[in-house]
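Participant: Once you've looked at the hints, go ahead and assemble the two chains, each given alone in its own frame, into the complex.
Chains A and B are the protein sequences, given in the same order.
Quick note on this note's numbering: the first sequence kicks off at 1 and runs consecutively.
Quick note on this note's numbering: the second sequence kicks off at 1 and runs consecutively.
Since the hints were made in silico from the structure, they are not lab data.
Any given hint might turn out to be false.
Sample of chain B residues at the chain A side, in silico, Cβ under 10 Å [stated by the list, open to error]:
1. T31
2. A94
3. V96
4. V98
5. R99
6. R208
7. L223
8. D224
9. L227
10. Q230
11. I232
12. F233
Just so it is clear, CB atoms sit at the ideal spot from N, CA and C, and this is done for glycine as well.
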Amino acid sequence: MMTLYDYELSGNCYKIRLLLNILGIQYRKQSIEFYPAAEHRKEEFLAINPLGELPVLQDGDLTLRDSQAILVYLASEYDTAGNWYPLLNPRTLAEVTQWLCFANAITASASGARLVDGFFYNLDGDACRADAHRLFRILDEHLWFQERERQDWIVTGTAPTIADIACFPYVILSEEGGISRMDYPAIRRWTDRIKRIPGFTVMPGVFPAGPGV
Amino acid sequence: MSPVCNDPVALGLWHPLAAVEDIQPFTEQRTRLLGQAIRYSKNHENDITVLDGDRRLPVTLAYGYVWTCLGTPAAALFDLPEYAEPDRRNVCAATVGVRVSAPRAVENFLDMGHFPFVHTGILGVEPHTEVREYRVDLDEQRDEILATECIFYQPQAAAGASGGIMADYIYRVPHPYCSVLYKSCPTDESRLDVIALFLQPVDEENVRAHALVSVIDTQSSDLDIRLFQQTIFGQDKPILENQLPKRLPLDPRAETPIRADKAAIVYRRWLRAKGLQYGVIPAAA
Chain A
1 MMTLYDYELS GNCYKIRLLL NILGIQYRKQ SIEFYPAAEH RKEEFLAINP LGELPVLQDG
61 DLTLRDSQAI LVYLASEYDT AGNWYPLLNP RTLAEVTQWL CFANAITASA SGARLVDGFF
121 YNLDGDACRA DAHRLFRILD EHLWFQERER QDWIVTGTAP TIADIACFPY VILSEEGGIS
181 RMDYPAIRRW TDRIKRIPGF TVMPGVFPAG PGV
Chain B
1 MSPVCNDPVA LGLWHPLAAV EDIQPFTEQR TRLLGQAIRY SKNHENDITV LDGDRRLPVT
61 LAYGYVWTCL GTPAAALFDL PEYAEPDRRN VCAATVGVRV SAPRAVENFL DMGHFPFVHT
121 GILGVEPHTE VREYRVDLDE QRDEILATEC IFYQPQAAAG ASGGIMADYI YRVPHPYCSV
181 LYKSCPTDES RLDVIALFLQ PVDEENVRAH ALVSVIDTQS SDLDIRLFQQ TIFGQDKPIL
241 ENQLPKRLPL DPRAETPIRA DKAAIVYRRW LRAKGLQYGV IPAAA
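Just chain B, with the same shape it has in the complex (with noise of 0.2 Å):
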């Protein structure tokens, strides 16, 4: 067992349990958070209650999941306007242990130096390994990382595509274990396909990664989207699981990055001036 958290941050903030769509009604299930044993389960159409012990955690039901917070709620739950665009097909593609911190999985998410390597014919493809200057920024307001300008070679970037295309991708981090992705999207050049990463910090150096696909797609079924998203997963799976240490440094000495990670800089240093502790290992003072 994985001591329980103390650290002030992160447990205030709103974290995902599970797909709405994936809780048995009727079936109390057991999870963990921040180290913490809880159990949530659901009476009847989207009624969800959280406990922790004998005390009930609040909850929000947001983006086809569960969210609870074991402290006391630091803010609410980031926008995800797209998410109620009424011809978007929202997909909760799966959730998934895996044995990393929470912020290195969002790291990973942030790369699309991994495409080629990790997702070869389909995010990517030797001899395409260029991962051209782009833009981030910290949107102080919203209290989020931005990055902007990205672009990359994908054979098929998502279910419904035929064919490679240059991928535009937008990155926002609007919450320490949360990233968004907005890219190209195949069948029409005027939207932008979702993808979101939730990840539930179940001790320090572990997750269930919970993911969201919000797409303009009439062709692909959800199973063929959920399938697409399970095997990107299950592709970046070993590559998450073999980085060390396992949590992540903030400290800028600690790892050295190429240009490539300018968005990864960012969101160490962003970490480091919220003082988050959890799944990461602090800059010496």
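Next comes chain A alone, as it looks inside the complex (with noise of 0.2 Å):
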């Protein structure tokens, strides 16, 4: 059985999970006390990721590091339909990972803000914001004009990809880094899709999506 070196409270462990549940894979937590302790950067952590981040997957003889390739891995490897990291057109897969990279600065942003705000870390929390919100308003921008085409996901097709998973966890959590998502309203119906996605599964700070209609 496949292992995730896994912290609850961290929105790049949480995508992992999410996957993992969406497809049914079954898995084991291994949790890392990202914070107070600081596990990951301890050395015992080190020699499974020298980066020193999470989160980490284990699946047989791999160890695979780094949240977006960690989905590229499981949508390629155990998602039959291969709706999720679809291979076969260059251009949505050139799309695709176009917005995994966005979804790095999402985290570095986002992310950072909440850090700042929750467990006290010495960064920018300000400049952290002013880039979040930057971001969000591309996103939401591409969002409201995929609506526009009657298309409900980041990447156009009829399904949805990696990029919304990768996306997701640090904009559902942006208010705890003080970033209202008040101007977003196509983010805001986003988000309410990939709640309804099957096998969805919520972590600390994020809530499932309301009775439908």
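Facilitator: In structure tokens, the structure reads:
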């Protein structure tokens, strides 16, 4: 059985748990206390991931770090329908990759602000917030145009992709960093759609969708 | 920067700053208390200094945490005798920043009604949503609030629980910004687990929330106990941060309580009687 090195309050770990749950994959969680013990920076964990970052996935003899890379692996190895990481169309594949990189920028900004406010990280919280708003405006506008084309997801197609999973956690947790989503209605509708994906699961700070209509 | 506090009640209280074990030795830490920037450091084992500018502040080490006072302490810190019981696991669960006033956070801690909706599958689950009648008394001699005969169905009452129980709860509010909860211990029927919430008012609308878990549990690791409490905390966070107004209104007409809020009603009345002003909207005279 695969092992996920995990911290419950981490959005990057949550995105892996989310896809594992959606794909119905059984796994074992190995908790690493990111805060306050900073176990991810201790020797024992550095032997697993020299970057000292969570999450890490072990599947058989494969040890994989980086949440985006883990999403790529899980989707291409275990999603038999090939929807979550569509390999066949070069254009779609490139767009997914583009938004995976965008997700990293969301982590650097929105997650940074959350680390400052909640866990007393020594970063510039206001700069993180300003950058997150810049990214959220771009995402909101993109999703608004997608909706006009009757597209529900970040990447054009009939089903959500790992780009949606990658961007979701630190968007939905943004208020913990003092980043309101009040001005981003298309983002709010998109997060509600994600919450209705079969197999969706929550983490502390994330609530399930209300009853549908 | 928020204005510095001029509330004599808040200035005379002991306030928590950090878990002793979390303080890196020989590294000065900065934090804020009642709007005031202060510093603390640990020279060697548990020798802790707290400074407001050049002024050395009084220090008390209790229940795993460092406590200080910006004014002259009006009284000793409240008693928590269970902490000293030899077979208890005392675990400082985490210090977390929350955008909420300290009194709002205390009220949420006292509220059983939110368990099934916020801590779903752990501290409560639908359809077990009823908050049964419970007692609330003000112990005048100890100057603290006591809520007793609280009972609630909990699917996973603690880190060491396996299966649901009807959990008995007792709440103490021995300090305007602290509350202590005693609940059925899932692994020993004759004892009560203790969970204490110590709030450091960073300013009127922000806290650092410090949690102490003191349990009878020979099975769970410290890490399990901490992570369990961090999960609960993480679930409360968005609820706390979305409460408006941020400061707790003490005017009895400001917010409409229901029967389950009995402890909150007595808490607000107690704060009014103390004349506490920091983190609250005082009732009109």
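Participant: Evaluate each hint against the coordinates.
Facilitator: Structure-based check of each hint:
Residue-level restraint check for T31 (chain B) holds (minimum Cβ-Cβ distance to chain A is 8 Å; threshold 10 Å). For A94 (chain B), the interface hint holds, the least distance from its beta-carbon to any beta-carbon of chain A being 6 Å, beneath 10 Å. Because the closest C-beta pair between V96 (chain B) and chain A is about 6 Å apart, less than 10 Å, the hint holds. Contact between V98 (chain B) and chain A, as hinted, is supported at the beta carbon level, the nearest pair being about 7 Å apart and thus within 10 Å.
Proximity of R99 (chain B) to chain A holds as hinted, the smallest CB-CB distance being about 7 Å (cut-off 10 Å). A cut of 10 Å between beta carbons decides the hint on R208 (chain B): the least distance to chain A is about 8 Å, and the hint holds. For L223 (chain B), the interface hint holds, the least distance from its beta-carbon to any beta-carbon of chain A being 6 Å, beneath 10 Å. Given hint, D224 (chain B) at the interface with chain A, holds; its Cβ is 8 Å from that chain's nearest Cβ, closer than 10 Å.
Interface hint status for L227 (chain B): upheld, as the beta-carbon distance to the closest one in chain A is roughly 6 Å, under 10 Å. With a cut of 10 Å, the hint placing Q230 (chain B) at the interface with chain A holds, because the nearest CB-to-CB distance is about 6 Å. Below 10 Å, beta-carbon pairs count as interface contacts, and I232 (chain B) has one with chain A at about 8 Å; its hint therefore holds. Contact between F233 (chain B) and chain A, as hinted, is supported at the beta carbon level, the nearest pair being about 7 Å apart and thus within 10 Å.
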